[in-house]
Amino acid sequence: MRVQAIDHVALLPLYLAAGAAVLALFAGRAAKGCMMIGLTAAAVAALWVGGGEDRSTFAVGTWHSFVADDAAMGAAALFAGLSVLVAAVSGRQSGEYWFLLAVSAAGGITLAGARDLITLIVALETLTVPLYVLVTKPGRDGAEAGVTFLIASIASSATALMGAAFLYAAAGTLHLEGLAAGLAGADPALVAAGAALLLGGFAFKLAAAPLHAWAPLVLERAPLPIATYLASASKLGGAIAIIWVVFFGLEAGAGTATGIVVAALSVASIAIGNLGALVQRRTVPLLAWSGIAHAGYALAPLAVVTTATGREDAPAAASAALAYAVFFVLLEAGAFASLTAVRPAWTSDRAAGVEALAVGEHATGERRDEIAIGERRTPLEGLKTGGPQGSDLKASAGNIPVQGSGEGGAIAELSGLWRSAPLPASLFLFSVIGLAGLPPALAGTFAKVAILEVLASSALWLAVIVAAGAVLGLAYYLPLARTVLLGRGPSTAKGRFAIALAAVGLALLAMTLAPQVVLDFTAVSR
Amino acid sequence: MLVLAVAAPLFGAVLVWAWRERAAAHWVGVGAAAAALVAVALLPIGRGNGNWMTYGASLEGGWWHQVDFTWAPSLHLDFAIAVDGISWPLALLTALLGLLCCLHNALGAERHTSGSLQVGAANVATGGPSLAAGKTVGVPGKPSPMLTVLLLAVQFASTLVFFADNLILFFIAFEAVLLPMWAMIRRYGDPAARRHAAAKFALFTVAGSLLMATGLFVAVADIGTADLGAIIVAGGVSPGLSLLVFALLAIGFAVKAPLWPLHSWLPDAHTAAPTVGSVLLAGVLLKLGTYGLIRVAGGLAPQGAADAAPVLAVLAALGILVAGLVCLSLPELKRLIAYSSVGHMGFVVLAFATGTEAGVNAALFGNLAHGLITPLLFFLVGALKARTHTGLLGSLGGLRLAAPMLAGVLGFAALASLGLPGLAGFWGEAFTVYAAAERGGAWFALAAAAAFGAFLAAAYLLRMLRRVSHGPVAPATKGIGDVSTVELVVWAPLVAGTLLLGLVPGPLLDLFGEGLL
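Residue numbers (numbering that gives the first Met the number 0), protein chains in the order written: chain A, 0 to 525; chain B, 0 to 516.
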């Protein structure tokens, strides 16, 4: 019997992540430590493998299912690093929590190296499935988030699988390199349908329109550390899946159809995300809606494969898209992590089986809402409410009930943060300004420059749309920054997780000073 | 020296921010601004001969000084800065205005107002103890050191824009001006209008700069390098793209300049901004737009500039006329001067659009003259508003009797602004009309429109003087103090500069002559 040769070095980061997951399941109280150490080791291993020569394994002929090149390993390291960050800002949780998080990270690492559709989809599912459990916290809101995420995710997975099946029918293979060769002569309608379904399904993970609606709802109701993960690692997963499929598979054989699909996804996301974010008054939904717009920006460079001249630039376009995704998820991670640090904690310990606690949680949620309403109606009055007494008064005044109560709270609750918690506030500001793409948060500026450079030469109209979206974005990012920086609220929030935040901050600062490091890692090539 | 000129304001901003609680914070800012001014002033030492030559990929001879560090090659981004006869006067102006604004803050030139108009009103509007008020407890009457921080940040970014020799760096520096300026208006502006004005300023500017960025990237993709000097010497982008690139860049810069009809953010921003904010806005930020238009847009796409010149010229001439007519009926001083800026910038753009050597020189000269005169006017109006607590023409009067020195300087600045021969304003506007008339044909009509605009400027400025300086002493002006020594110190350099440029325009024109266009 012939046994396929497997390059275990290429798989080392994956082994480490999977090992960390298993260890976390059985380690009891030490689970968090095991998981964080294991994933840090996985990140280091990924960087080490990426630093060496490119490796690949699981070969069928010259096609490989798993490739460990620079871009893949850089992305793998980023997955592991983001998971460690989420773990660091999670506080105390039960053992399964760490197991699920580590499994999800392992899915991400697999995804980064995947080069055939089955591996890709399985990896993406491994990334997502643990999140069904993690987004759900006891209580009605938690159940709502969990069910929404479950249904949306399964629907999109089915869509993606259907698309994969169409492409298989057209090309006779599932390897991305095989698709590149096999799609050229296939039935164009079948290919177009396949590409549209596959990309549409993947767009769910990235929270790009039209499958975006879950994101604000789930992010708002999920525990904040998990929202951090959803907004960073999970989105990076969606972006990478789309970039890999478009660049390695569809671009050569089905460029026009793919380009049109991606352009449509991108434009719709930019429009819907920005318009949705404009009307938000709560922090997490605002970031979630703007994240939809950012998904659109990240996809935009891929749309240049529509035209023949654009296809010549495909490596540059894919690199720009990946670079944008990396800059963006790090900025999102910074924003959400700092938000996690300053918001009151929700831990599984607190809710451990005691129903009364769930009720209490609900009550606090309500109270927060009432503060929010008060602020909306009369800003001055809202600013004066320092404690429960004031809000009780307002509750008796009779207000309209608001849907949803997340941990993120209303934007107005962040006012005065700059003085009460400088470190999280500065990280939050840096991230928000970066997301707006403005100096001095150059990480965001470089991301914009990267995609605009590609678009300006190949798809000028899309560049103008991206620019218009960025202008709209400013309309909600600037007030957010102003609230944090200049607001005179009663904020008494104290920052937590100083080390984790400092680490993200340093990473962002490093990217600001030396963007070339990121750009080198995100340079995609066949 | 070049790096010092750019870095001094940045370090100053960081230091002032770090020491914002200390009394000496303002003076650290002044020191940094002074260091920057000295560094910029020393730049002409050891300059080249003004002959532009290319050796291989790099450009030699023309730049006075040049510094180049690789930053992010895959984005075409280098930290490349250089200086020549066109960027140096503007950088000097920026450094000078930066220093004057820092001095203005440090000396508390507006201190004799009852608790400073802006801070006092901010307390009323927000119902809480304002941050600024809390900060200024130790140093009564002075604005918060944070304002100095923002000033220095704007100065840093603007200097970088003028010196940038790399298009991507140019874009980043151009964007970097936005946030500090926004914060200055939003935080320290007139409480009644600042929110709206700051948002409008930010959105207009970002829309413009992103369009400009798109144009820059099209050019970079077409040429394959982002080295500004090399691109200009090579003659810009390929002819097919020239008009597109120029249109994108020109719209971007026209927002900043501002060119009618994209000017509507400017009066609001000026009206709401604190005095030093208005000074920087008029003296530096508008120059970014015109500098970009003349140097970058004109240099990258000379063909497109020639093609689009008629459109640009018509818009500029319309802007001059509209600004003049609007100014005739405006009841508020700051807004009036802001609108007059639109007119002056119209002259600059019209002169640039003619495309002749006289025209471009007139544009550069008018640009600089405006950068001296309008900031002086804003300082004066700021002083007047601080004394009388009103900027309405209707409630002012008799300044000549109440504060003769102030009225005198105001008269001087107004005369300079309307282009009296012998003062700085004259050369730019006169040669604009000359350059436009020289081209003949339809351009003659534009020249006539511009000349009529200059006449309108005389009309509205004299109207302003009549309402403010002459007539019986109004209740608001009764008993106000005359010019203090502090104010004289701040204003003197601008007055001197205006006189100097007016009497001896030659050396500056020589500098422009050897610059790279």
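Hints may be right or wrong, so weigh each one.
[Said to hold, decoys possible] Some residues of chain A that are not near chain B, with every Cβ distance over 12 angstroms (derived): (1) 5; (2) 31; (3) 125; (4) 142; (5) 164; (6) 176; (7) 185; (8) 188; (9) 445; (10) 447; (11) 459; (12) 462; (13) 506; (14) 508; (15) 519; (16) 525.
[To be verified] If you only want the chain A side, here are some residues facing chain B, beta carbon under 10 angstroms, derived: (17) 21; (18) 456; (19) 477.
FYI, nobody ran anything at the bench for these hints, they're computed from the structure. From a predicted model like this one, the values you see are computed outputs, not experimental measurements. The beta-carbon is built from N, C-alpha and C at its ideal position, and this holds for glycine as well.
Cross-check of the supplied hints:
1. In this structure residue 5 (chain A) is separated from chain B by more than 12 angstroms, as the shortest Cβ-Cβ distance comes to about 34 angstroms.
2. Against the 12 angstroms criterion, residue 31 (chain A) stays outside the reach of chain B, whose nearest CB is about 37 angstroms from its own CB.
3. With a cut of 12 angstroms on Cβ distances, residue 125 (chain A) stays outside the contact zone with chain B, its closest approach being about 32 angstroms.
4. Against chain B, the non-interface label of residue 142 (chain A) holds: every CB pair exceeds 12 angstroms, the least being about 40 angstroms.
5. Look at residue 164 (chain A): its CB is around 38 angstroms from the nearest CB on chain B, clear of 12 angstroms, so calling it non-interface holds up.
6. Chain B leaves residue 176 (chain A) outside its interface by the beta-carbon criterion, the shortest separation being 25 angstroms against a cut-off of 12 angstroms.
7. Distance check for residue 185 (chain A) against chain B: the nearest CB is about 33 angstroms away, which clears 12 angstroms, and the non-interface claim stands.
8. The claim that residue 188 (chain A) is not at the interface with chain B holds, since no C-beta of that chain comes within 12 angstroms of its own (minimum 34 angstroms).
9. Against chain B, the non-interface label of residue 445 (chain A) is violated: not every CB pair exceeds 12 angstroms, the least being about 6 angstroms.
10. Not every C-beta of chain B lies more than 12 angstroms from that of residue 447 (chain A), the closest at about 8 angstroms, which undercuts listing it as non-interface.
11. The claim that residue 459 (chain A) is not at the interface with chain B is violated, since a C-beta of that chain comes within 12 angstroms of its own (minimum 7 angstroms).
12. Listed as a non-interface residue, residue 462 (chain A) fails to keep its Cβ farther than 12 angstroms from every Cβ of chain B; the least gap is roughly 5 angstroms.
13. With a minimum CB-CB distance of about 17 angstroms to chain B, residue 506 (chain A) clears the 12 angstroms threshold, and the non-interface call stands.
14. Remark: the non-interface label on residue 508 (chain A) is consistent with the geometry, its nearest Cβ contact in chain B lying 14 angstroms away (cut-off 12 angstroms).
15. Not every C-beta of chain B lies more than 12 angstroms from that of residue 519 (chain A), the closest at about 8 angstroms, which undercuts listing it as non-interface.
16. Look at residue 525 (chain A): its CB is around 17 angstroms from the nearest CB on chain B, clear of 12 angstroms, so calling it non-interface holds up.
17. Interface hint status for residue 21 (chain A): violated, as the beta-carbon distance to the closest one in chain B is roughly 39 angstroms, over 10 angstroms.
18. At its closest, the beta carbon of residue 456 (chain A) sits 3 angstroms from a beta carbon of chain B; the interface hint therefore holds under the 10 angstroms criterion.
19. This hint holds: residue 477 (chain A) has a C-beta 6 angstroms from the nearest C-beta of chain B, less than the 10 angstroms allowed.
In summary, the numbered hints that this structure violates are 9, 10, 11, 12, 15, 17.
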